[in-house]
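Trainee: Line by line, the protein sequences give chains A and B.
According to my numbering, the first sequence holds residues -10 to 243 in order.
According to my numbering, the second sequence holds residues 158 to 228 in order.
These are computed hints drawn from the structure, not numbers from a lab.
Note that the Cβ used here is the ideal one computed from N, Cα and C, for glycine as well.
Treat the hints with care, as some may be off.
[As the list claims (entries may be wrong)] Simulated restraints on C-beta separations:
| hint | chain 1 | residue 1 | chain 2 | residue 2 | range |
| --- | --- | --- | --- | --- | --- |
| 1 | A | 126 | B | 191 | 36 to 46 Å |
| 2 | B | 191 | A | 34 | 15 to 25 Å |
| 3 | A | 11 | B | 222 | 16 to 26 Å |
| 4 | A | 93 | B | 172 | 47 to 57 Å |
| 5 | A | 11 | B | 207 | 21 to 31 Å |
| 6 | B | 222 | A | 63 | 35 to 45 Å |
| 7 | A | 98 | B | 181 | 52 to 62 Å |
| 8 | B | 179 | A | 188 | 50 to 60 Å |
| 9 | A | 95 | B | 172 | 33 to 43 Å |
| 10 | A | 188 | B | 175 | 54 to 64 Å |
| 11 | B | 215 | A | 11 | 21 to 31 Å |
| 12 | B | 170 | A | 119 | 45 to 55 Å |
| 13 | A | 122 | B | 222 | 51 to 61 Å |
[Stated by the list, open to error] In silico DMTMM-like pairs for lysine to aspartate or glutamate, Cα to Cα no more than 20 Å straight-line:
| hint | chain 1 | residue 1 | chain 2 | residue 2 |
| --- | --- | --- | --- | --- |
| 14 | A | 195 | B | 186 |
| 15 | A | 195 | B | 211 |
| 16 | B | 166 | B | 226 |
[Claimed, not checked] On the chain B side, residues computed to face chain A include the following (Cβ under 7 Å):
| hint | residue |
| --- | --- |
| 17 | 161 |
| 18 | 163 |
| 19 | 192 |
| 20 | 215 |
| 21 | 217 |
| 22 | 220 |
| 23 | 221 |
| 24 | 224 |
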Amino acid sequence: MPTCPHTAPATDSAAGPLWARPAMRAVSDGIFRPGGLALTDRMAELAGLAPGWTVLDVGCGTGASVMRLRQRFGACAVGMDALFSQVRPQEDRNATAAPLPLVIGTAEHPPFRRGAFRMILCECVLSLLPDTRAALATLHALLAPGGILGITDLYLRTGPGSPNGAASPSSLPHGSCLGWRADRRAIAEHLHHTGFTLRRFEDHSKQLGELAARLVLAGESPCLLSPAGACGDSTGPDTGTPGYFLLLADRRTA
Amino acid sequence: MSTLKVLDKDYSDWVCAACGKPLQPAPVELEYLDSLFNVELPCCVACGMVLIPEELALGKMADVERLLEDK
């Protein structure tokens, strides 16, 4: 099976994840995901986020979204990330972290009580977690009744050789630059099985293309955000088209 | 958004054919399909003409075009 020659370095533990690479830091201005704060605002507005809402940002990174939600929307927002020391240079932490409630924790074992939040954001994080449904189940437990989950992340817009765009994850090559091989249908199924009702799904793939373009200009391989086999090898398998989505889902009560 | 350095090679020994003045790195806005990118490119200090080296046009810029054209 042909593979992208740049896939291995991109996923190699020594090279680190995409968000930790120098090119990402050069192009992102501290927000390591497509769409930046504009999509954070979009989620908050669609959810009707009101002042005083308790909001958790899972995988908060630099804390930029937490600060945004507190300053622009008046939310009681807190951030959680497993890797503060890797995500943020020391000078950044000193400059902006002190006034923000950011804690170290993982989506699998968050240091919060059940039902503590009115809304949870998961921005470009879910695709990095090893067990999607386990993570969603944990987030469901952290939400209060009537709570809202907001997710932005990578997905497969069109599947490999599928006329209706539904990808079969098992048919995609492992080691792909598109680490999370889920399409819209699979994502909806994950949500349904973990107690969520999908309220809204929007495609924001243009934002992914622009971030990928900036990364290429900064020196990264164009293969980095492409499915394996799609980098200059037209004879490779059709592995689908990567995209970027925003969704809101409501916590169902049992 | 910060200005990206997109060239590895030094073009400071190049001279503008129209003005005879040297080229110096300067911030330039590249626009393609409604997307805007701030990059640093060699520019004539007199007339402002921008040099887009062949390596950039056929390399990174071609890759970016393909990405934005969704191909």
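Trainee: Evaluate each hint against the coordinates.
Mentor: How the hints compare with the structure:
1. For residue 126 of chain A and residue 191 of chain B, the Cβ-Cβ distance of about 40 Å falls inside the hinted range of 36 to 46 Å, so the restraint holds.
2. For residue 191 of chain B and residue 34 of chain A, the Cβ-Cβ distance of about 22 Å falls inside the hinted range of 15 to 25 Å, so the restraint holds.
3. At about 24 Å, the CB distance of residue 11 of chain A to residue 222 of chain B agrees with the hint of 16 to 26 Å.
4. Remark: the range hint 47 to 57 Å for residue 93 of chain A to residue 172 of chain B is upheld by a beta-carbon distance near 56 Å.
5. Residue 11 of chain A and residue 207 of chain B have their C-beta atoms about 26 Å apart, which keeps the hinted 21 to 31 Å range intact.
6. At about 42 Å, the beta-carbon gap between residue 222 of chain B and residue 63 of chain A stays in the expected band of 35 to 45 Å.
7. One distance hint, 52 to 62 Å for the beta-carbon pair residue 98 of chain A and residue 181 of chain B, holds here, with the actual separation near 54 Å.
8. For the hinted restraint 50 to 60 Å between residue 179 of chain B and residue 188 of chain A, the CB-CB distance of approximately 59 Å keeps it satisfied.
9. Range check, residue 95 of chain A to residue 172 of chain B: Cβ separation about 57 Å, and the 33 to 43 Å hint is violated.
10. For residue 188 of chain A paired with residue 175 of chain B, a C-beta distance near 59 Å keeps the hint of 54 to 64 Å intact.
11. At roughly 24 Å, the beta-carbon separation of residue 215 of chain B and residue 11 of chain A lies within the given 21 to 31 Å, and the hint holds.
12. Here the CB-CB span from residue 170 of chain B to residue 119 of chain A is close to 52 Å, well matched to the stated 45 to 55 Å.
13. One distance hint, 51 to 61 Å for the beta-carbon pair residue 122 of chain A and residue 222 of chain B, is violated here, with the actual separation near 39 Å.
14. With a C-alpha separation of about 19 Å, the suggested pair residue 195 of chain A and residue 186 of chain B falls inside the 20 Å cut-off, and the hint holds.
15. For the hint linking residue 195 of chain A to residue 211 of chain B, the alpha-carbon distance of about 27 Å lies beyond 20 Å, and the restraint is violated.
16. Pair hint residue 166 of chain B plus residue 226 of chain B does not hold up; C-alpha atoms about 27 Å apart against a cutoff of 20 Å.
17. Given hint, residue 161 of chain B at the interface with chain A, holds; its Cβ is 5 Å from that chain's nearest Cβ, closer than 7 Å.
18. The closest approach between the C-beta of residue 163 of chain B and any C-beta of chain A is roughly 5 Å, which is under the 7 Å cut-off, so the hint is satisfied.
19. At a threshold of 7 Å, the smallest CB-CB gap from residue 192 of chain B to chain A is about 5 Å, leaving the interface hint in force.
20. Nearest Cβ of chain A to the Cβ of residue 215 of chain B: about 13 Å, over the 7 Å cut. The hint is violated.
21. Restraint check, residue 217 of chain B versus chain A: the minimum CB separation of about 5 Å is within 7 Å; hint holds.
22. For residue 220 of chain B, the interface hint holds, since its Cβ comes within 7 Å of a Cβ in chain A; the closest pair sits about 4 Å apart.
23. Below 7 Å, beta-carbon pairs count as interface contacts, and residue 221 of chain B has one with chain A at about 4 Å; its hint therefore holds.
24. Contact between residue 224 of chain B and chain A, as hinted, is supported at the beta carbon level, the nearest pair being about 5 Å apart and thus within 7 Å.
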